[in-house]
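From first to last, the protein sequence lines stand for chains D and L. Our numbering runs 1 ahead of the 1-based position in the first sequence. Our numbering runs 1 ahead of the 1-based position in the second sequence.
I should point out that these hints are in silico values taken from the structure, not numbers from a laboratory. Careful, some of the hints might be misleading.
One copy or two, it doesn't matter: identical chains are merged, so the pair holds either way.
[Unchecked claim] Each computed DSSO-like pair below joins lysine-lysine, with the alpha-carbon atoms no more than 30 Å apart:
1) K227 with K138
2) K249 with K449
3) K233 with K323
4) K237 with K192
5) K315 with K37
6) K109 with K227
7) K237 with K299
8) K486 with K540
9) K409 with K109
10) K515 with K249
11) K449 with K299
12) K315 with K237
Residues per chain, in single letters:
Protein chains: 2
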Amino acid sequence: MQIDLSKIKSPSDIKEMSIDQLELLSGELRAALIKKLAVHGGHVGPNLGVVEATVALHYVFNAPTDEIVFDVSHQSYVHKMLTGRIGAFIDPARYDEVTGYTSPDESKYDLFEVGHTSTSISLATGLAKARDLQGGKQNVIAFIGDASLGGGMALEALNYAPCLGSNFILVLNDNQMSIAENHGELYAHLKELRDTDGQSPNNIFKALGYEYLYVAEGNDLRHLIKAFEEVKDTDKAVVVHLNTMKGKGLPVAEANKEAFHYSGPFNAETGAPEYQGGESYLDIFANTMLSLIEENDKVVLLTAGTPGAMGFDKPRRERAGKQFIDVGIAEQDGVTMTAGMAKGGLRPVMGVVSTFLQRAYDQLSHDIAVNNLPSVIVDFYCGVYGMNDVTHLGLFDVAMVSNIPNIKMFSATNAEEYEAMIRMGVAQTESPVVVRTPGGRLLHSDRKVDTDFYRYEILREGKDFAIIGEGAMLQNALQAADILKEKGVEVTVINPRIISEVDKEALDRLRDYKRVVTIDDGIVDGGFGQKVAAYLGDKGPKVTCLGLQKEFMDKYDAKSVLRDNGMLPEQIAALIHE
Amino acid sequence: MQIDLSKIKSPSDIKEMSIDQLELLSGELRAALIKKLAVHGGHVGPNLGVVEATVALHYVFNAPTDEIVFDVSHQSYVHKMLTGRIGAFIDPARYDEVTGYTSPDESKYDLFEVGHTSTSISLATGLAKARDLQGGKQNVIAFIGDASLGGGMALEALNYAPCLGSNFILVLNDNQMSIAENHGELYAHLKELRDTDGQSPNNIFKALGYEYLYVAEGNDLRHLIKAFEEVKDTDKAVVVHLNTMKGKGLPVAEANKEAFHYSGPFNAETGAPEYQGGESYLDIFANTMLSLIEENDKVVLLTAGTPGAMGFDKPRRERAGKQFIDVGIAEQDGVTMTAGMAKGGLRPVMGVVSTFLQRAYDQLSHDIAVNNLPSVIVDFYCGVYGMNDVTHLGLFDVAMVSNIPNIKMFSATNAEEYEAMIRMGVAQTESPVVVRTPGGRLLHSDRKVDTDFYRYEILREGKDFAIIGEGAMLQNALQAADILKEKGVEVTVINPRIISEVDKEALDRLRDYKRVVTIDDGIVDGGFGQKVAAYLGDKGPKVTCLGLQKEFMDKYDAKSVLRDNGMLPEQIAALIHE
Numbered sequence: 002m003q004i005d006l007s008k009i010k011s012p013s014d015i016k017e018m019s020i021d022q023l024e025l026l027s028g029e030l031r032a033a034l035i036k037k038l039a040v041h042g043g044h045v046g047p048n049l050g051v052v053e054a055t056v057a058l059h060y061v062f063n064a065p066t067d068e069i070v071f072d073v074s075h076q077s078y079v080h081k082m083l084t085g086r087i088g089a090f091i092d093p094a095r096y097d098e099v100t101g102y103t104s105p106d107e108s109k110y111d112l113f114e115v116g117h118t119s120t121s122i123s124l125a126t127g128l129a130k131a132r133d134l135q136g137g138k139q140n141v142i143a144f145i146g147d148a149s150l151g152g153g154m155a156l157e158a159l160n161y162a163p164c165l166g167s168n169f170i171l172v173l174n175d176n177q178m179s180i181a182e183n184h185g186e187l188y189a190h191l192k193e194l195r196d197t198d199g200q201s202p203n204n205i206f207k208a209l210g211y212e213y214l215y216v217a218e219g220n221d222l223r224h225l226i227k228a229f230e231e232v233k234d235t236d237k238a239v240v241v242h243l244n245t246m247k248g249k250g251l252p253v254a255e256a257n258k259e260a261f262h263y264s265g266p267f268n269a270e271t272g273a274p275e276y277q278g279g280e281s282y283l284d285i286f287a288n289t290m291l292s293l294i295e296e297n298d299k300v301v302l303l304t305a306g307t308p309g310a311m312g313f314d315k316p317r318r319e320r321a322g323k324q325f326i327d328v329g330i331a332e333q334d335g336v337t338m339t340a341g342m343a344k345g346g347l348r349p350v351m352g353v354v355s356t357f358l359q360r361a362y363d364q365l366s367h368d369i370a371v372n373n374l375p376s377v378i379v380d381f382y383c384g385v386y387g388m389n390d391v392t393h394l395g396l397f398d399v400a401m402v403s404n405i406p407n408i409k410m411f412s413a414t415n416a417e418e419y420e421a422m423i424r425m426g427v428a429q430t431e432s433p434v435v436v437r438t439p440g441g442r443l444l445h446s447d448r449k450v451d452t453d454f455y456r457y458e459i460l461r462e463g464k465d466f467a468i469i470g471e472g473a474m475l476q477n478a479l480q481a482a483d484i485l486k487e488k489g490v491e492v493t494v495i496n497p498r499i500i501s502e503v504d505k506e507a508l509d510r511l512r513d514y515k516r517v518v519t520i521d522d523g524i525v526d527g528g529f530g531q532k533v534a535a536y537l538g539d540k541g542p543k544v545t546c547l548g549l550q551k552e553f554m555d556k557y558d559a560k561s562v563l564r565d566n567g568m569l570p571e572q573i574a575a576l577i578h579e
Numbered sequence: 002m003q004i005d006l007s008k009i010k011s012p013s014d015i016k017e018m019s020i021d022q023l024e025l026l027s028g029e030l031r032a033a034l035i036k037k038l039a040v041h042g043g044h045v046g047p048n049l050g051v052v053e054a055t056v057a058l059h060y061v062f063n064a065p066t067d068e069i070v071f072d073v074s075h076q077s078y079v080h081k082m083l084t085g086r087i088g089a090f091i092d093p094a095r096y097d098e099v100t101g102y103t104s105p106d107e108s109k110y111d112l113f114e115v116g117h118t119s120t121s122i123s124l125a126t127g128l129a130k131a132r133d134l135q136g137g138k139q140n141v142i143a144f145i146g147d148a149s150l151g152g153g154m155a156l157e158a159l160n161y162a163p164c165l166g167s168n169f170i171l172v173l174n175d176n177q178m179s180i181a182e183n184h185g186e187l188y189a190h191l192k193e194l195r196d197t198d199g200q201s202p203n204n205i206f207k208a209l210g211y212e213y214l215y216v217a218e219g220n221d222l223r224h225l226i227k228a229f230e231e232v233k234d235t236d237k238a239v240v241v242h243l244n245t246m247k248g249k250g251l252p253v254a255e256a257n258k259e260a261f262h263y264s265g266p267f268n269a270e271t272g273a274p275e276y277q278g279g280e281s282y283l284d285i286f287a288n289t290m291l292s293l294i295e296e297n298d299k300v301v302l303l304t305a306g307t308p309g310a311m312g313f314d315k316p317r318r319e320r321a322g323k324q325f326i327d328v329g330i331a332e333q334d335g336v337t338m339t340a341g342m343a344k345g346g347l348r349p350v351m352g353v354v355s356t357f358l359q360r361a362y363d364q365l366s367h368d369i370a371v372n373n374l375p376s377v378i379v380d381f382y383c384g385v386y387g388m389n390d391v392t393h394l395g396l397f398d399v400a401m402v403s404n405i406p407n408i409k410m411f412s413a414t415n416a417e418e419y420e421a422m423i424r425m426g427v428a429q430t431e432s433p434v435v436v437r438t439p440g441g442r443l444l445h446s447d448r449k450v451d452t453d454f455y456r457y458e459i460l461r462e463g464k465d466f467a468i469i470g471e472g473a474m475l476q477n478a479l480q481a482a483d484i485l486k487e488k489g490v491e492v493t494v495i496n497p498r499i500i501s502e503v504d505k506e507a508l509d510r511l512r513d514y515k516r517v518v519t520i521d522d523g524i525v526d527g528g529f530g531q532k533v534a535a536y537l538g539d540k541g542p543k544v545t546c547l548g549l550q551k552e553f554m555d556k557y558d559a560k561s562v563l564r565d566n567g568m569l570p571e572q573i574a575a576l577i578h579e
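Construct all of the structure, not just a fragment, from the sequences and the given hints.
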């Protein structure tokens, strides 16, 4: 007996299956997933862990009438396979047809674009409130887990959802893991619940007013279906706590949960990655931090659940010892704990992916900046060469951070400058400092780093025209200057370095220029270029602000985007030579 | 026997007192507080509730060696009285010498500027980590309560703090209240703990790894001192749960906890406010929302714990019924629940104080804006006439919100326009909309509102010079134009209305002007003026961007600030007539 996966067009195609058939189906879905992921890469462990839970969900509930909200939504691959998108998982030519997250543009079964953690309960309470006011009867289900329950927003909503007093089903996928280890006592409590088969009298969910159901065999269809049938159409708030295995069915992923949370293409037998990247800015960061930690016992490196995203692997974490902290996926706590450490006399550095820094705006402003606490935030995956999922763009950090008073924001353009900026940030005690990691491939400088980062650096002296390119866009500025030079036009090229304020002295030297072109590696709005335009607005030169449109793009091609926004070197040269 | 309060210079002055003396002291502190607050206004209920707890804290612990972090810090008045600032509470001439929050500029006993909720546990874990790495032995105490425990960041940190494995004392001031009622099941759980005298087997703090101590008589010095002595110098994470009475000792405040959370000057006998304000923009908002709710059963108004700050009083809340939601002080949950409600087909409006909207940047961006969900956020206490505590400034919202893609941000200039903008936001289904409430006194318009808010409104047609004034700054533009008119110079005056993008057509009509002046009612950086400067940068006119410096000011005088930044009408006129 075999299931023809290509025939699975919608959840209705599995409703008539026997449990035995569903088990067969689950096995085939898992095999197809492993085959695709080994070639294509993706979130391996999270999806392998929830094959059965997703099959059971769609078997018991009636999506899209019943509304399922996937937290983070990086574990929605099986959901996609069951909701009309199987082709993108069984036909290698079509692997790129789906994104790695839920997307309403792809399917009516996907309710939201989601890529950040801890949002599902709030989104689902909104849906439940809409249902209740409009007299609906559908089930509303938030599917959370893989450490996103520890995020503050999830906890806020966990606290509020039972107040609705109506159907609300929280499926907690407890795979005992975060991206790295789980951090926070909540996870110790979940272990207590697992160890007592859900019977511990101490139960945070019951304390918060939920009915509670524990499924010890969270990869067993029979148990899952029984539990979901039990809670279907409830008129209360219920938690269904599933004990699942991350990476289930792929031995290398079961054994190595952190590495296989997300992986590029890999050998399914050995787990070895298919490609080995060269040295990256993350290596520069990780090595710099390890040196700083070993040089100075007051230096502490903090991450909010993503040490791997900053290259700080397990051996480095072990060497850093108590000078390394992982607070779990809790960016707010991480940033404000950084403020507390600075006040207490430490020299804290927090590493954070650009898009996730968004989750701690108020902590940056109210805790670090108002208190002007010397601390360093290093921001990864920035700019046009950063992540390109619509929920993970690195295009907005300058607009967000650089307009907060007291914070000095710096943008690096090569490895040596990057290291020097981090070291400067740690050494100084005047201000909070944010360092933007360059996008694009690693560049080295053969010149001594000029460490007066509060001033613009003039790389070439020309006349009449100047190009100021921030971060990775400095290369575009330099290449445009090369093109112009061939045409006999010598232009000034500036690496601004500091992007939270303008270097007035440097700009005053451009007063009699004809045109100044700024290039933001991110959106123009709220960026450094607009500061330059405002400063020069009542002086001589015309100013043209290049950078990206203020829009959310998905799965974009960097070169096309640069071209669409007139940011390619030849376009910049033409603008000046027009 | 009497205590001479003026002799209390530091906590050491109370260390030798007997319990009877401390009780006498508490009574006198409370009487002085009531006397000052009735004349001066301030956070009445929160401070009256913690007189004894604060005395006991300073009696048992040794600040500033022992480090006390006050959450929100609006309940730190008694702490200020005991730490060298008694004069500001007993001498009416000196009432203004202290701010309403902790402030390191005022005293070494104050560790942080704090005004937003839910930060204390994270700050204190940072201090504890700094202590542990540097071999210190002091106690670290986070003093939280008055509903701030339900904020996501507090919950993140609550989850993490026991991981430190060292001394960490969390004093939970449970006064059974938020600013309005408490919302969220956590508060039902606290009631369960109170009702069982702390003995319930279900205990969220124990679940998270804390030792736990319950003090039923949280306004009784003997019980408080005993509890604090018991936990002093602990090497674990401990929660001391105090059952206190908000407003204790002032009958009108005990009876009317919401009104006396914060109050202007009042009659201490009757509780009647000394001044009755006239109609305000909050009335316009509240009345508009009540009308919309009564007109359309899909309209829902949501607040994150501050219904009073948007004029939505109890009678209005009762009339709104299920179409009003208070999620408690949980802005992240509130914004993302708004996204969920919009997806579910409702027409949600969230009202939020400008400075607190900062707490939900990612929710605005990732949940509302990426998903482009039609919903309305109305932003209060904005601009130079907004709140003027350093932690509550309304000067940064435009830079924060208007640079997020998809969000349309509008700034109103009078009551009729404001109401029309809110109604437009609710009626349209294209975009998320943020409406900025005007600062300053209520203005009415005698003209019909032009509701094409996506376009600039030309109020006066002149030539060569244009002034574009946003929000309350439109008045400065109009008054500058009056001054110039007297000198024979007719200038164009524009009310931009939309501030998240420029009206290119309107600006193109200014191509041949000599100078365009923009006035942001907030900081220049990241504001609408810089967008105008960037757009006109390679066209004809010089552009001058007026607005506030990017800095944190405290207790500022609006007129002085406007003068310092060249924003007064006569200064603007002089700039143009120079």
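Checked hints:
| no. | hint | verdict |
| --- | --- | --- |
| 1 | K227 with K138 | within (21 Å within a copy, 53 Å between copies) |
| 2 | K249 with K449 | neither (51 Å within a copy, 66 Å between copies) |
| 3 | K233 with K323 | between (46 Å within a copy, 25 Å between copies) |
| 4 | K237 with K192 | both (25 Å within a copy, 20 Å between copies) |
| 5 | K315 with K37 | within (28 Å within a copy, 57 Å between copies) |
| 6 | K109 with K227 | within (27 Å within a copy, 60 Å between copies) |
| 7 | K237 with K299 | between (50 Å within a copy, 23 Å between copies) |
| 8 | K486 with K540 | both (26 Å within a copy, 26 Å between copies) |
| 9 | K409 with K109 | between (44 Å within a copy, 26 Å between copies) |
| 10 | K515 with K249 | neither (63 Å within a copy, 69 Å between copies) |
| 11 | K449 with K299 | within (28 Å within a copy, 63 Å between copies) |
| 12 | K315 with K237 | between (43 Å within a copy, 27 Å between copies) |
Checked against the numbered hints listed earlier, the structure breaks hints 2 and 10; every other hint is satisfied.
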